[in-house]
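Number of protein chains: 2
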Amino acid sequence: MVGGLQFKGAEPGDRYDVFHTDCPARDMVDHVTSRWGVWVLISLRRNDLRFFELRESIHGISEKMLAQTLRVLVQDALVWRKVEPTTPPQVTYGLTEFGREVSEPLTDLFDLITRRLPPADAPHRSRADD
Amino acid sequence: MVGGLQFKGAEPGDRYDVFHTDCPARDMVDHVTSRWGVWVLISLRRNDLRFFELRESIHGISEKMLAQTLRVLVQDALVWRKVEPTTPPQVTYGLTEFGREVSEPLTDLFDLITRRLPPADAPHRSRADD
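So the protein lines, in turn, are chains A and B. Position one of the first sequence corresponds to residue 1 (the numbering used here), numbered consecutively onward. Position one of the second sequence corresponds to residue 1001 (the numbering used here), numbered consecutively onward.
Hint data in this document are derived by calculation from the structure and do not stem from the laboratory. Hints are not guaranteed to be accurate.
Unchecked claim - Label-pair ranges, simulated between beta-carbon atoms:
no.	chain 1	residue 1	chain 2	residue 2	range
1	A	104	B	1045	14 to 22 Å
2	A	91	B	1046	39 to 47 Å
3	B	1074	A	104	26 to 34 Å
As the list claims (entries may be wrong) - Facing chain B, a subset of chain A residues (Cβ under 7 Å, in silico):
no.	residue
4	25
5	28
6	38
7	105
8	110
Claimed, not checked - Here are some chain B residues the structure puts well away from chain A; computed CB gaps all over 10 Å:
no.	residue
9	1068
10	1071
11	1080
12	1087
13	1088
14	1090
Every residue, glycine too, gets a C-beta built ideally from N, C-alpha and C.
If we strip away everything but chain A, and leave its shape as in the complex, we get (with noise of 0.2 Å):
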């Protein structure tokens, strides 16, 4: 599979062919911009946040999705979990510096999509602020 760079118009400067379903930036890729991913990178980038916390911050995720989607960004190091020795344990959330970086380009690309995104058709505009 080495040297299979399998996209069209692909250049020399190609250091992956993450169009493979065994690259392993592929894999990351789909984790980050997955179903729940991308919101649960986003509500972090303000805050770090407890479970039930980011819970009812993105509307319609389970909790079964929720503890899945974290599970897989923090084996990419993308999130951070800190247990709390209390009772009940507390468990926080946040990002790393990588997952930092990651969540600018889709911050980018959730400002790029609001902002097209005609006012007068917005039911679930926060703010009457322009």
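Guided by the hints, dock chain B onto chain A, whose structure is given.
What follows is chain B alone, placed relative to chain A:
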């Protein structure tokens, strides 16, 4: 739902409640970062491509999933579709101006991640160029 920003730490400048499942921006972010959407957008960054070329570029995508992904991206005005009146008709896809803007942060994300992964662990390096 107006004014119902559920995101903890939200600031007055936030225009949409993207953490809400009904938010139009959330829908579009979900399409752009969907399992296959991200790869279609990155593939089309360098060249306009025919349907079968896209399918060959993206390892593991089925014809059905590619058709469905393209339909959504065309609806969102991120991708255009051109049909040439030949027999059989030739269908070409490319990025709209907005699609090109949106593909930039996706490419940044992808570059960040591929730079992070150590070359020595990469079974799918495409070239021995560094």
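For this session: Just double-check residue 1071(B) for me: nearest Cβ-Cβ distance to chain A has to come out over 10 Å.
Result: The assertion about residue 1071(B) holds, with a minimum of 19 Å to chain A.
Exercise. When the nearest CB of chain B is found for residue 25(A), is that gap smaller than 7 Å?
Worked result: For residue 25(A), the interface hint holds, since the closest Cβ of chain B sits about 5 Å away, which is under 7 Å.
Problem set entry | Hint status (Cβ of residue 105(A) to nearest Cβ of chain B, threshold 7 Å) | holds, 4 Å
Exercise. Cβ-Cβ distance between residue 104(A) and residue 1045(B): within 14 to 22 Å?
Worked result: holds, 19 Å
Problem set entry | Assertion that residue 1087(B) lies farther than 10 Å from chain A (Cβ) | holds, 25 Å
Exercise. Under the criterion of a CB-CB separation shorter than 7 Å, is residue 110(A) in contact with chain B as hinted?
Worked result: The hint holds - residue 110(A) has a Cβ within 7 Å of chain B, the shortest such distance being about 6 Å.
Exercise. Hey, does residue 1088(B) actually stay past 10 Å from chain A on C-beta?
Worked result: holds, 21 Å
For this session: Just double-check residue 1090(B) for me: nearest Cβ-Cβ distance to chain A has to come out over 10 Å.
Result: holds, 16 Å
For this session: Go through the hint on residue 38(A) and say holds or violated, using the shortest Cβ distance to chain B against 7 Å.
Result: Holds, about 5 Å.
For this session: Hold the hint about residue 28(A) up to the distance rule: shortest CB distance to chain B must be less than 7 Å.
Result: holds, 5 Å
Problem set entry | Outcome of range test on Cβ distance (residue 91(A), residue 1046(B); 39 to 47 Å) | holds, 43 Å
Exercise. Are all C-beta atoms of chain A more than 10 Å from that of residue 1080(B)?
Worked result: For residue 1080(B), whose nearest Cβ neighbour in chain A is about 16 Å away, the distance exceeds 10 Å, so it holds.
Of the hints listed earlier, there is not a single one the structure fails to meet.
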